[in-house]
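Now for the letters of each chain:
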Amino acid sequence: MNLCSLEFLLLLLVASAVFPWIANIRLRQSLLAMCNAGLLYSFVPGLSDGLCLGLFVASGYVIASLLQVHPHRWILGLYVTLLISAFLVLKKYEFLAVLLPAPVLSHTIGIVGLSYMLFRQIHVAVDALQGQIKDLSLWTYLNYQLNLFGLLAGPIQRYQDFAEDWNRLQPLAADSYDLLRAYLRIFLGVIKMVVVSNFCLESYESLSAVFVDDAYRSTGKNVVKFFMLLYLYPTYLYFNFSGYCDIAIGGAFLFGLRMPENFHAPFISRNMIEFWSRWHMTLGMWIRDYVFTPLYKTIAGHWPDRASSLAFLCYFVALFLAGVWHGATWNFVIFGLLNGVGVSAAKLWETLLLRRRGRRGVNAYLESRAIRALAVAGTFHFVCLTLFFFPSDLRRSVNILTNFVTRFG
Amino acid sequence: MERRTKDSFLERLDSFGRRHLWLTALAVGALALAATLALLSHSDVTAVVYEGF
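Chains as they are written, first to last, in this note's numbering: chain G, 1 to 409; chain H, 1 to 53.
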């Protein structure tokens with residue numbers, strides 16, 4: 001069942017109307033748990049998929065419990081390695097074809113929400129090792145991992161935040177306005193997904209067909225159409241994903257769960273580092289907390305004198321991995337590389353400015369409206385370029401770019 | 001993974017909506033109708049692109 005469907009909306013409205021009238025917290029939790037199980041059931045195609053899903057989720061709880069009692073880094077290291085290996089095989093990453101025998105990658109197992117579960121598993125395991133999770137319970141953990149509002153595409157929530165809401169699960173609306181605002185957000189999300197995002201996708205599809213066509217080279221199509229094409233896919237992605245998040249966040253609110261925000265005007269970012277703190281924010285924060293910071297700390301520990309100048313390398317690795325996580329095909333490697341280059345270039349530029357102009361000069365630079373406008377426009381176009389490689393048909397993306405460069409280059 | 005504070009614009013919109021509750025209710029009704037019509041007329045709704053399969 002899709003979150004953006006009439007059936008889901010009707011069930012959501014009925015369940016959210018019943019929810020505040022249930023006096024007992026256990027019964028409220030049970031109602032939500034049943035909804036979680038119901039949605040999950042609609043997405044699990046067979047027994048083997050269900051078993052794999054169960055193993056994947058259960059391993060996180062077992063290891064986190066173990067790490068609470070025996071906080072050894074090697075246990076965490078071993079678990080994360082195994083978990084990521086299982087993830088890569090289950091998702092059938094294309095580059096594995098050169099490393100592994102074909103039968104390993106010919107399986108038909110599909111686990112719903114696997115990519116987001118991976119993030120939550122690693123977060124819980126790391127936080128358990130660091131002693132940041134005090135009360136890990138199986139009931140809370142299962143509902144955290146299988147929460148219908150974050151199952152398919154996030155937002156990636158911290159276990160501690162979920163547990164805080166889950167343990168006192170009660171209506172969050174203080175008055176009728178809060179309630180109306182949640183419904184407003186849900187319906188707005190549906191319109192963003194169904195009307196705006198669909199329109200952008202259809203326009204992108206029809207326009208890209210023109211650019212793929214070889215006849216394009218000989219005709220006088222204008223540059224404006226190419227730029228429309230360049231802008232359409234990011235616009236489609238933004239409305240699609242942010243609309244989905246609106247439904248998820250608004251829906252969760254009706255059941256007493258506060259999901260984190262995922263978007264904050266991403267297209268006005270002045271560099272790629274800022275972009276990743278505004279676009280898919282929970283992913284950006286996860287990458288910062290569990291990839292960038294540990295990597296930077298390790299480098300700073302080994303080479304303290306070079307730490308600040310090597311920060312750009314950490315940015316590159318972190319965002320490259322974030323890009324590759326998005327999908328198992330080669331186009332996401334390019335997407336990851338471009339993002340890695342973008343964020344490390346932003347960090348290098350910042351370092352260079354600081355050296356040349358000093359703190360006061362950098363402040364003047366940051367306050368300049370003209371520079372801000374240029375930076376925002378430049379970042380926006382770079383983002384559009386990275387997202388040009390987001391559709392899985394890499395040949396098509398390359399074809400469009402090649403045809404455009406050949407015609408106007 | 002912290003929660004971001006709201007914009008001043010959203011805060012102003014919030015206080016406006018709170019003061020004129022009937023307008024907010026009207027907007028919810030209109031959007032509910034529009035969303036239902038949109039879902040009924042689009043059988044081919046695209047799934048969320050970021051869906052984590």
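Don't take every hint at face value.
Partial pick of chain H residues on the chain G-facing surface, computed with a CB cut under 8 angstroms [as the list claims (entries may be wrong)]:
#1 Leu23
#2 Ala27
#3 Ala32
#4 Ala38
Listed next, with one range per pair, are the computed distances between beta-carbon atoms [said to hold, decoys possible]:
#5 Arg360(G) <-> Leu21(H): 47 to 55 angstroms
#6 Leu55(G) <-> Leu37(H): 38 to 46 angstroms
#7 Ala25(H) <-> Gly361(G): 48 to 56 angstroms
#8 Asp14(H) <-> Val98(G): 52 to 60 angstroms
#9 Leu21(H) <-> Met1(G): 30 to 38 angstroms
Facing chain G, according to a computed beta carbon distance under 10 angstroms, are these residues of chain H, among others [unchecked claim]:
#10 Ser8
#11 Arg18
#12 Ser41
Hint data in this document are derived by calculation from the structure and do not stem from the laboratory. Beta carbons are placed, not taken as given, at the ideal position from N, Cα and C, and that holds for glycine.
Structure-based check of all given hints:
1. Leu23: violated (10 angstroms)
2. Ala27: holds (6 angstroms)
3. Ala32: holds (5 angstroms)
4. Ala38: This hint holds: Ala38(H) lies near chain G, its Cβ roughly 4 angstroms from the closest one there, short of 8 angstroms.
5. Arg360(G) <-> Leu21(H): 47 to 55 angstroms: For Arg360(G) and Leu21(H) the Cβ distance comes to about 50 angstroms; the hint holds.
6. Leu55(G) <-> Leu37(H): 38 to 46 angstroms: holds (43 angstroms)
7. Ala25(H) <-> Gly361(G): 48 to 56 angstroms: For Ala25(H) and Gly361(G) the Cβ distance comes to about 53 angstroms; the hint holds.
8. Asp14(H) <-> Val98(G): 52 to 60 angstroms: Given range 52 to 60 angstroms: holds, Cβ gap about 54 angstroms.
9. Leu21(H) <-> Met1(G): 30 to 38 angstroms: Since Leu21(H) and Met1(G) have Cβ atoms about 33 angstroms apart, the given range 30 to 38 angstroms holds.
10. Ser8: Violated - the Cβ of Ser8(H) stays beyond 10 angstroms from chain G, reaching only about 13 angstroms at its closest.
11. Arg18: With a minimum Cβ separation of about 5 angstroms from chain G (threshold 10 angstroms), the hint on Arg18(H) holds.
12. Ser41: holds (9 angstroms)
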